[in-house]
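S.K.: Next come the chains, spelled out residue by residue.
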Amino acid sequence: MRSFVQLYIATVREFVRDISALFWTMAFPIMFIIIFGIIFSGDDSDVSFSVGVVNEDGAASQQLVDSLNQIEAFEVHTGSRDKEIAALKDGDRRAVIVIPAGTGEQIGEYKTQLMRGGGTELPQANLEVYYDPSDTNRSQIVLSIVDKVVSGMNVGVSGITPVLTIDQQKVKIGDEDLSSIDYLLPGILAMSLMQMGLFGTAAPLVSLREKGVLRRMGATPLSRSSMLASQIAFRLTTAFAQTALIVIVGAIFFDVNIQYSNLLQIIGVVLLGSSMFITLGYFLSGLAKTEEAIQGIVSLPNFIFMFLSGIFFPVEMMPDWIRPLVDIIPLTYLGDLLRRVMIDAGSYYSPTRSLIILTGWLVVCGVLALRFFRWESQS
Amino acid sequence: MSAIEVHDLRKIYSGVSAVDGISFDVSNGEVFGLLGPNGAGKTTTVECIEGLRQPDGGEVSVLGHKHTSVRNGIKELIGIQLQTTGLYPLLTVYELLHLFGSFYQKSLPPDDLIKMISLEDKRDTRSKDLSGGQRQRLSLALALVNDPALVFLDEPTTGLDPQSRRQIWGIVKELKQRGKTVMLTTHYMEEAQTLCDRVAVMDAGKIIALDSPQGLISQNFEETAIEFEDRNSADMTTLEKLPGVKRASRDGSLVTLYTLDTPHTMEGLLDAARNGQLHFDDLRVRSATLEDVFLKLTGRRIRD
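Sequences listed follow chains A and B, in order.
Residues in the first sequence are numbered from 1 upward in steps of one, following the numbering used here.
Residues in the second sequence are numbered from 1001 upward in steps of one, following the numbering used here.
For reference, chain B alone in the conformation it holds in the complex (with noise of 0.2 Å):
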């Protein structure tokens, strides 16, 4: 049985498709991740699937329940994230994972769940006087007060510092390795390459690709990028050209080139910029990423 099955699920908003026929499946154990820009509808997804939102169509089944006859049998099996934390301002951390637990049948003591986040220094500390990354922590503790076999993260690290997000992400991967099924949307490649299993890319409403993040890559990519910084806004017919290249895109100033025969493309690079026909800054090879996979399928890239 799949923690979650998806099936043609749609949701529409004052006449436009937020969710546009998705369908996907999420098994047991699994970290799961939505990844698009703002605005792709991975939120409304997730929250038609949480049960905060009814689907204008589609199936949804969670755990095995059709959500939609027993609501509330399925809020007591899992555990949401939403993004906004929404935490009552005045109260403390224990009391507010206290408080929470008290909503549930079962839930695990407070100063349990503050020591997984390492809060145990803020324990007292009203919500307010938090940090963003440690009221994100504690966000997420508040999800796991019922010790869920599912967990829904709903962009748990946007906005923080790369210190605050791989705390988080740390928490995620100890998810993970005690069975929990986890699913998350985000719009941080590095986030979904990370933490994920599988990844949904999805724009405007669909889902666009569906694999391992290296399956993504690998499918979509046997180059190697080549990036640089151009100055002089160069001819990108005469880039394509050089040797190796299979295909160049542009984004701004940042130029990337996607290679099957690194040193020849390098070669032909340094020899364009020797006779002056190119002026670049900043020049890296790197493999390619889910970042890249997301820009061959919709010629954007994805931004904070």
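For reference, chain A alone in the conformation it holds in the complex (with noise of 0.2 Å):
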């Protein structure tokens, strides 16, 4: 026990003093979140569209200028027709709401006649909208708010009591409560448990091993299994210091919406990941000889399984030639559980899928580990 805990203790020690592997594991990651932390941020609290409102009908629609002024999504400038319509052009207005005049006076006549029983003929009034339809994204948002303050209007002018509402449940549904750095975050803590297995792991193992430092400690009475034991717990423990501080980075810095209640799934995923990528990187040390080596052969899968395992981009978004490499690989399926138990996100992908093929993963992982990992050098 007393070598197992001193072996640990000279583990963190060679870990904190070796620059490449802390800034790996633990510098890099956080870089990540604060880079994109800071472009999403700008988009995320500023989620108000400029609209133009032309009041050409005056006094008489006033009450519809008060309810578009009501959308908190809208920031409303009025003026006059050609004025809001060259903003448009501009770039500074996302739509143009123009009420023409005598709207009011046709609302008040479809009034009158609805009560007198109808006639065949109700008069109607009509709304100009302009927007750019170039910007389809956001011009389909203003539209569907437009559209949904004119049916709320049509209700309350007509007196039906509308058939089908919709009763408002709170559940999260994508991107609605969930910024991007909500979505990237757990994909960023995903990325550096890899590079610990990588970087943290295989690299060192093999300056280890290649500098004779394994085979002193053999000639020892310590067992190689304490060594193992020691090394893999220390490394367990740097993943949970990772997550630790990637949550605590995101939390305080860039108000993450972190799932605390779902604590011990959090726990279990990372558990899981986490071996499974360190087991990759005791199977990988065993393929190279010299320490340059080892920095070829892990930056290999880094930069594949990090482009494309949708961590940063939706899998949706690929392209579908690609998707059978997107399917088999580890981080796709680690990056979209932690984003389901960190915030609670939809995942793409079926919990109990992500965890069968994470688990065979480690379970390949771990095969070939015994199979290639080596305590000596053979030069």
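Calculated directly from the structure, the hints in this document are not laboratory data.
Mixed in with the good hints, there may be bad ones.
Below 35 Å or equal to it, Euclidean Cα-Cα: the simulated DSBU-like pairs (lysine-lysine) are [as the list claims (entries may be wrong)]:
#, chain 1, residue 1, chain 2, residue 2
1, B, Lys1066, A, Lys211
2, A, Lys211, B, Lys1206
3, B, Lys1066, B, Lys1173
4, B, Lys1176, B, Lys1296
Make one complex out of these two single chains by using the hints.
M.R.: Take a look at the structure:
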């Protein structure tokens, strides 16, 4: 036990004094969070759309202008038709809503006829909405909000009780409550757990083996199993230190919504994911003969996994031909699972499938590690 | 009881006998040397004895234990210095000694060991920042962490400058004074001659001679060696016919004449030089060394 503790302390010392391992496992993910956090924080706090409202109908339609003004997502500017449309063309407005003269009058006429039992032809009022079709996403949001206001008014004016209403239940779906940094943070954690297995496990192991450190300790009564146990225990604690660090930075600086009630699930997924990547590291360390070679060997999965795993872009966005690759990458599933348990977002894959595939990788890497891991340099 | 008993030890690497059926005993309190050129099988031999390699044949007993049965039990009792120092590069001298101490049931305080190897001023220096000689001393201290009765040193001074080499020799002599048994390998004749009570000369996996350094020399040589650099490649048979010469050998331009009658041989040599038969430089007379023994036994010199 004393040797286990001392070896653990020695490994911690070697780790914190090794700039490269420390950078990839700790500084690199934090850099990612800060960069992404800064890029996306601007968009998130300011989700209002600048909308021009041109009231050509005067006081009769003031009520309509007021209800548009009350929409939180709109930053309403009023002005003349020419001025507002010019602003739209300059990109200063997302849309311009024009209330033509006589709109209020038409609505009044409509009400009167409706109360009389209605005629064959009810009068209609038209709002004109100008928008930029090239900016589809935002225009669609603006148009649907306007549409909603208009149907609300229609219901009010006609006095009909709607047959179908929306009972608003608070269920978070996708991006409504979640900002981009919420989406990215679990992915960054998954990435850093992977890099701990690659840069924090495989590379130092090759170095210790080639320098003869493992062999030298093998010449003492210390058993190989204690050596392994101590190394693995150290790396698992590092994985949790990374998790804590990333969560703290995300929560304090970027207000990420972590589901702390899922703590046990989060611990379980981090444990599974880090074990899998540590085992991968043990396997890969056996493939390299030199410290230079291992850097190349771990860089390959590092970049492939990082960019094809959907930790930065949703899997749906990837082209079809690349999907079979995406679907076998363990980081895909670790990111997906972490997103599910950490921020309560919907996951793309079923959790069962993710757990099975990650466990499968763990077992395969374990078998390969047993086959390829070496205690002694071959040269 | 002997500290080490080796009987008919064999180790084969891909069809080649690295160690080819060697036998010897090492007594308690003895400094025992394995002397031979690189590739002679010295390291393989000690690693088989230490239990780091599995022999392909023969018997090894260390401190009364047949080590194949109690591998880890033996490691508790012995100290090992490997040829590669194998130190965690980013740990300090003190941290390494403390760490290795934790691997044994009993261990010496790190500061005592640091004092023994005179590294007090490097106590908190990381091992990668030590000089070669300092690192080698640290590696020696790591072999002594459990205060073992038997210490193995594999080429403890290879690649070191003369001053560092003498520092290591001083530590080994101190170990001997404290009654430790030391088994070391070396390809330095001078080292074997200075440190060892007995030397086994090894070549191509076999022990070709085993005795005290003085015994090896007097067994093989009653002669004195006369050495010089011969610039004209004189005929060896002429040299052998000089008065008193028993044997002559040449290694490049270096000629060694072994003689029982130094004054006569020198006379003949100087005559030959006067007559223009011979041109020599750097003439010196010395008594025979282990180097001469190795040369006589194998026909080759040991080189660094």
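S.K.: Could you tell me which of the hints above the structure violates, numbers in ascending order?
M.R.: The structure breaks none of the hints.
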